[in-house]
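Student: Here's the letter readout for the chains.
Protein chains: 2
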Amino acid sequence: MIKAWAARAPKQKLEMFEYDPGPLKADEVEVAVETCGICHSDLSMIDNEWGFSAYPLVPGHEVIGCVAALGDATRGLKIGQRVGIGWACGSCMHCDQCLSGNQNLCAESAGTIIHHHGGFADRVRAQWPWAIPIPDGVDAKEAGPLLCGGVTVFTPFAVYGVKPTDRVGIVGIGGLGHMALKFARAWGCEVTAFTSNEKKADEVRGFGAHHIVNSRDSSQLAKAARSLDLVIVTVNVPLDWKTLIATLRPNGRIHFVGAVLEPIPIEAFDLIGAQRAISGSPNGAPTSSAKMMEFAGLHRILPQNEHFPIAKVNEALDRLRAGKARYRIVLDM
Amino acid sequence: MIKAWAARAPKQKLEMFEYDPGPLKADEVEVAVETCGICHSDLSMIDNEWGFSAYPLVPGHEVIGCVAALGDATRGLKIGQRVGIGWACGSCMHCDQCLSGNQNLCAESAGTIIHHHGGFADRVRAQWPWAIPIPDGVDAKEAGPLLCGGVTVFTPFAVYGVKPTDRVGIVGIGGLGHMALKFARAWGCEVTAFTSNEKKADEVRGFGAHHIVNSRDSSQLAKAARSLDLVIVTVNVPLDWKTLIATLRPNGRIHFVGAVLEPIPIEAFDLIGAQRAISGSPNGAPTSSAKMMEFAGLHRILPQNEHFPIAKVNEALDRLRAGKARYRIVLDM
Chain A
7 MIKAWAARAP KQKLEMFEYD PGPLKADEVE VAVETCGICH SDLSMIDNEW GFSAYPLVPG
67 HEVIGCVAAL GDATRGLKIG QRVGIGWACG SCMHCDQCLS GNQNLCAESA GTIIHHHGGF
127 ADRVRAQWPW AIPIPDGVDA KEAGPLLCGG VTVFTPFAVY GVKPTDRVGI VGIGGLGHMA
187 LKFARAWGCE VTAFTSNEKK ADEVRGFGAH HIVNSRDSSQ LAKAARSLDL VIVTVNVPLD
247 WKTLIATLRP NGRIHFVGAV LEPIPIEAFD LIGAQRAISG SPNGAPTSSA KMMEFAGLHR
307 ILPQNEHFPI AKVNEALDRL RAGKARYRIV LDM
Chain B
7 MIKAWAARAP KQKLEMFEYD PGPLKADEVE VAVETCGICH SDLSMIDNEW GFSAYPLVPG
67 HEVIGCVAAL GDATRGLKIG QRVGIGWACG SCMHCDQCLS GNQNLCAESA GTIIHHHGGF
127 ADRVRAQWPW AIPIPDGVDA KEAGPLLCGG VTVFTPFAVY GVKPTDRVGI VGIGGLGHMA
187 LKFARAWGCE VTAFTSNEKK ADEVRGFGAH HIVNSRDSSQ LAKAARSLDL VIVTVNVPLD
247 WKTLIATLRP NGRIHFVGAV LEPIPIEAFD LIGAQRAISG SPNGAPTSSA KMMEFAGLHR
307 ILPQNEHFPI AKVNEALDRL RAGKARYRIV LDM
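Chains as they are written, first to last, in the working numbering: chain A, 7 to 339; chain B, 7 to 339.
For reference, chain A alone in the conformation it holds in the complex:
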């Protein structure tokens, strides 16, 4: 039996929950959880905000732990090896996307907390390619949030050929944004933080920002016109999109990783005139996660975490829900 914490219904507090995971499949790895980050999407799933939650729901998809069991068809992993598991825990492995290394874009990609029990537990399972080795040099106690939030903001750097000579803007300096600042700075870029909270200025500079712009002040946004090559949007609230798009230089890209629910009105002319692009991406492929881990190890990039023991998981969730987390929360098992 696996001992976990689960929501029994939408918006409920988590309770202790035991389940029998059944026999380990041939391509599965079972991981003994050491720590697990809390991501905003855990809240969205607990609350059934996206309409596809199944209960009892065991959240947790920023897992760090050690390999406890291996199916017969797994490759390259060893019992006892430290690994991480993020948003996805499986994919079909035979479609065009999977075979070309974009497993995160597989139409049958399986979510760690979607009809599957997640990492707020003593053990959790994943298809073996989705168990990402944690290299030496990465502090395992703090690394959990890299597995989802980290690779989510790292992916645009990995897949779009961002150059160290590019100017990068990060919109929203929270759980995702503060990691994005660190990656952008380590990538060699000139980095602008867009935040509505000016009290954070010193901290935001500490994360890597060279410049700070108030994201709610259209006149400040306007001053940044035609200055940026890549803007990564980590917020999920509406902003002055037209003026934000105008901050892009010719050939610039605004990239969404935050699930902005309200439609974003795009004027074709704002794209056509300067050959701009708008895009988005979900978490990352296993190789992106592995590259991110190596890059994070080399540059000593870690999220800034608060720690809670798993027994205080509901307190931790309330703190995240209240927007008080600075900047990410990790549960210790």
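No wet-lab data here; the hints were simulated from the structure. Built from N, CA and C at the ideal position, the CB exists for glycine as well. A portion of the hints provided could be inaccurate.
What the hints assert, rightly or not - Listed below are the simulated DSSO-like cross-link pairs for lysine-lysine, each with C-alpha atoms no more than 27 Å apart in a straight line: (1) B:K205 <-> B:K229; (2) A:K248 <-> B:K248; (3) B:K205 <-> B:K248; (4) B:K169 <-> A:K169; (5) A:K205 <-> A:K248; (6) B:K19 <-> B:K31.
What the hints assert, rightly or not - Derived, one-sided and incomplete: chain A residues facing chain B with beta-carbon distance under 8 Å: (7) A274; (8) I284; (9) S287; (10) P288.
Place chain B on chain A using the hints.
Tutor: For chain B alone, coordinates are given in the frame of chain A:
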């Protein structure tokens, strides 16, 4: 004096008009016009639809002609050489975009018919890099529309690394779209035409489409879900954008070259889930135009034109305005 045809005020018929162009600047070339295509944006400028027209307005930015005079600082052109002039007739030549070969993205790019007299005339001037040599193998009588409409639809192929193994959709099979079909087919791609006019089916296949989808029929659009790598939108009217975006495969791109005036509502999830992008571009850089001309020459790609003598320019404009042109109109001087 240059003999031209001009609109004296918005929405007026063109009248004969003579003007003194002044001394030829050092970096300018003067071209004796042989033919000039009519582009939909000539109508937009005559009507002051975009609010920056200046009168008298001489339209015409799909010029084919021969070099009649060269300023002292021009390079690589010879008197008598056949060249073409498109939407832009100049740029600053010293900004980052100009120096890196993206002169069409220069913030000071000059339009051939924006505060400058265009090609409905016996002569027209341009900064020398914007006079594009017409190679042997390109039929000069028919090539005019390649200079604006042609390079506009060719640019996404040239700048985004489109591969012959990609699947390409073209939305709107008119003046721009029929050239886009020809380029996409010659590029080696599997080509889908999206049109609301099913009567054109045979012609549309003749231009290069392997498949035809009714762009107004959301159920037909839905059947094409996750099937295309690049969709080029040449129309300027609202469509079922959400379903059209869903026709993109993971990593796919929808690219706007038509000036859709109404904002396009984009849901971030539709981009994030499959790492899709939305983009746009304006005409093309001189090297894109030159490459397009060589490619068009090799593959015998020409627009399908109707011809009018310049004396019947108002008749020709009325025909285009009525949406009756099949598919492009060229004025013979």
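Student: Evaluate each hint against the coordinates.
Tutor: The hints, checked one at a time:
Proximity of B:K205 to B:K229 is assessed by CA-CA distance (about 21 Å); at most 27 Å being required, the pair is judged to hold. For a cut-off of 27 Å, the pair hint linking A:K248 to B:K248 stands: about 20 Å separates their Cα positions. Only pairs whose Cα atoms come within 27 Å are accepted, and B:K205 paired with B:K248 is accepted, the gap being roughly 26 Å. Between B:K169 and A:K169 the alpha-carbon distance is near 23 Å, which keeps this suggested pair within the 27 Å criterion.
At most 27 Å may separate the alpha-carbon atoms for a hinted pair to count; A:K205 and A:K248 meet this at roughly 26 Å. Proposed proximity of B:K19 and B:K31 is contradicted: the alpha carbons are some 31 Å apart, above 27 Å. Below 8 Å, beta-carbon pairs count as interface contacts, and A:A274 has one with chain B at about 4 Å; its hint therefore holds. Hint status for A:I284 relative to chain B: holds, with the closest Cβ pair at about 5 Å, below 8 Å.
Given hint, A:S287 at the interface with chain B, holds; its Cβ is 4 Å from that chain's nearest Cβ, closer than 8 Å. Because the closest C-beta pair between A:P288 and chain B is about 5 Å apart, less than 8 Å, the hint holds.
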